[in-house]
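Peer 1: Spelled out from the first residue to the last, the chains are:
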Amino acid sequence: MKRLVSISMVLLMVIGVLVGCGERETTNEQENVTLDIFQGKVEIVDQLEELVEDFEKEYPHITVNLDTSGGGEDYLAILKSRMNSGNQPAIFQVPGPTERDLWIDFLEDLSSEKWVDVTADGLLDNITVDNKVLGQPVNIEGYGVMYNRAILNRAGVTDEMIKDVDTLSKLKEVFETVDSKKDELGLETTMGWSVGGTAWWVAAYHTFNVPFAMQSDPMNFIQDLNDDKANFIDNDRMLAFKDLVDTFIKYSYEDVASIDYEKQYSDFASSKTAFIQQGNWTINQLNEIDENLDIAFLPIAISDEKGWGNDSIPVGVPNYWVVNKQLDSKVVEASKLFLEYTAMSERGQQFMVEDAKYIPAFTNVDVKDADPLAKSIISYASEGKTIPWVWHAFPSGMNENDAKQAFQDYVLGKKTWEEALNFLDEKWDEKTN
Amino acid sequence: MAKKLDNPLRKLKEKFLFLGFVGPIYFAFIMVVIIPFLIGVYYSFTNWSAIPGRAIDFVGVSNYIKAFNDQQFAVSFRATIMYTAICVLLINIVGFGLALLVVQKIRSANLLRTVFFMPNLIGGLILGYVWRFVFIKVFVALYETTGLGIFGLPWLSDANQAIWAMAIVTTWQMAGYIMVIYVAALQGVPKSLLEAAQIDGANILQKTRHITFPLVAPAFTVSMFLTMSNSFKMFDVNLALTKGDPSRMSELLTLEIYNKAFTESNFGEGQAQAVILFFLIGIVSLIQVYFNKKREVEM
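Quick note, the sequences are listed as chains A and B, same order. With the working numbering applied, the first sequence corresponds to residues 1 to 433, in that order. With the working numbering applied, the second sequence corresponds to residues 434 to 732, in that order.
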């Protein structure tokens, strides 16, 4: 009897829950379309919210819910739980090949969209499978060895010398010139670099990307690593990479293993360091401290070899907007409309250039007054001096866990360079076998 | 006679009352603890990718074999044991000390209780970031002004120090909570016993050792269980304070499980590690409770 009562009660409750859910779904599904956007950039939530409002005014039948996950790196984890929760977003973000392949069953083919024709060359490669374009680039970002021109000039480094940097030797020369006058210039250290703290990603993603991006065919090299046809230790770029890392360690803070991101950029913005390795996304934070910084990028060179791209900076698409094709076709159509609105309408372009301060991925958008870092990237790009971002094709966890550990072990002297490379090799094989 | 007659009715009523009170909690417990736990155990035997719609293949115990062969799992295991040992000792000593302090007849006792308890109201993530600042900036400044060696230690850049640093933060956070348990127990010690001992000529140490300790033994059982299981499951302070630095040496098991599952997209193996952690906590806690219970005395 007791058991019967409890079982029936449980059943009643379960049914109640199910009925409750069912009702809600049916009332929502009338002609009005609700569009859930799930994105990961906390810095531009307000600007994006305004864009969404204007979009809703233009298309009154579409209601957009914008949802942002806090702090970039958790985005992919939260996305997984969102996708499993039954409340799947219609538009979400995919950074590159590894995640693209993970979500491939969900990605709507966007090849026939208008914005595909105006997307700059090469930017769709990472999101294209079997000639199907599966996502829209959000923007372009770049990074390099950022320098403060005022300090360099005071140290006696002329603009010509800066322009002339296209090898590691020349980069070292510039570092050394500034370093020798460190005390007169009031610098805490010459260059701000970190392999740990809250800035671990500076090394584990961005520095680590360089030797891959300088391969003659980066994607092929990654494939060879996956198939165990290539090794870190046998690769000339990987061996040369040591030189760059040693240079960074030499001119950076003493406790390079635990410098936080906040210290890295704020020291640079307040002229306590002359260089940092960072990207154009830091511009707002830098300008908050000093609005009139005269800054630009130097290439990240790993050797003096010609033809490796030692005169270039890594430029890439950090994220793609993708549309969830497993949702109702009305929602999918509305999603496509939203992506078209951001790329093709004047309001969308205003959002990209003025509100979010993006470097747009589209050729139909004019950048009138770009910030100094964006200008620097555009000038490198126009000279063709760019190398790609390839870490989005690495096995999951390679950057966050293994590259980070390898850098820290090397910096702390627990591994030699060869041991670090072998360690990475082992971890890569573990993840791809 | 009349009493016997309405007995079945009353029994039924009692049953309904019981079900009414326990039922909802029971239901919630099954829904959010038991069922997810069983699903989790199931996933630990599969190659689940967390992508809805993907086929889930049964892979036997291979996730467990991988977990036991995983170097990082061993490192995290060692770090967790060390961290837990330090935490259980520190928190209980500090908590008991604070409790002894605030049950004394001092004027600010009530204020002190509130103050000591307050860190417990702050979330572990915020606490981690605040203490990160303390270890990196405040300690360095203190070292420069006072020259005391303890402030000059590489608190966050050395593996063992980092584990100690986490234990210190956890102690700061949790000692106040444990203090409350001890305060309740200490107040339950009858005055008459202590006075009788005093008349017999026992000094304060003897009184604490032979009367207070045995009588608050149940509180030790509870506190040690709480601190132990809490330390084994520590995640937020670890994430905010060290994030595994240096070289993943201070990465506790829960953070390693999170990394395995979410950053490496290896949910099966992460889940297997979680099941191992569950058994570890279960076994250690049972042993601890068994031995602590033995020391408890009835009044």
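Hints in this document: simulated from the structure, not taken from any laboratory. Among the clues, some could well be false.
Anything over 12 Å on all C-beta distances counts as not near chain A; from chain B, calculated [unchecked claim]:
{"id": "1", "residue": "654"}
{"id": "2", "residue": "655"}
{"id": "3", "residue": "700"}
{"id": "4", "residue": "719"}
{"id": "5", "residue": "724"}
Once the Cα atoms are required to be at most 27 Å apart in a straight line, the calculated BS3-like pairs of lysine-lysine come out as [to be verified]:
{"id": "6", "chain 1": "A", "residue 1": "336", "chain 2": "A", "residue 2": "170"}
{"id": "7", "chain 1": "B", "residue 1": "666", "chain 2": "A", "residue 2": "80"}
{"id": "8", "chain 1": "A", "residue 1": "414", "chain 2": "A", "residue 2": "172"}
{"id": "9", "chain 1": "A", "residue 1": "431", "chain 2": "B", "residue 2": "446"}
{"id": "10", "chain 1": "B", "residue 1": "499", "chain 2": "A", "residue 2": "414"}
Label-pair restraints from in silico Cβ distances [said to hold, decoys possible]:
{"id": "11", "chain 1": "B", "residue 1": "718", "chain 2": "A", "residue 2": "61", "range": "54 to 62 Å"}
{"id": "12", "chain 1": "B", "residue 1": "587", "chain 2": "A", "residue 2": "188", "range": "57 to 65 Å"}
{"id": "13", "chain 1": "B", "residue 1": "581", "chain 2": "A", "residue 2": "255", "range": "29 to 37 Å"}
Predicted model, so just to flag it, every value in this text is computed and none were measured. Just so you know, even glycine gets a beta-carbon here, dropped at the ideal spot from N, CA and C.
Peer 1: Look at each hint and say if it fits the structure.
Peer 2: Comparing the hints with the structure gives:
{"no.": "1", "hint": "654", "in the structure": "32 Å, holds"}
{"no.": "2", "hint": "655", "in the structure": "30 Å, holds"}
{"no.": "3", "hint": "700", "in the structure": "9 Å, violated"}
{"no.": "4", "hint": "719", "in the structure": "29 Å, holds"}
{"no.": "5", "hint": "724", "in the structure": "37 Å, holds"}
{"no.": "6", "hint": "A:336 / A:170", "in the structure": "48 Å, violated"}
{"no.": "7", "hint": "B:666 / A:80", "in the structure": "23 Å, holds"}
{"no.": "8", "hint": "A:414 / A:172", "in the structure": "25 Å, holds"}
{"no.": "9", "hint": "A:431 / B:446", "in the structure": "60 Å, violated"}
{"no.": "10", "hint": "B:499 / A:414", "in the structure": "25 Å, holds"}
{"no.": "11", "hint": "B:718 / A:61: 54 to 62 Å", "in the structure": "57 Å, holds"}
{"no.": "12", "hint": "B:587 / A:188: 57 to 65 Å", "in the structure": "19 Å, violated"}
{"no.": "13", "hint": "B:581 / A:255: 29 to 37 Å", "in the structure": "20 Å, violated"}
Comparing the model with each numbered hint stated earlier shows that hints 3, 6, 9, 12 and 13 do not hold.
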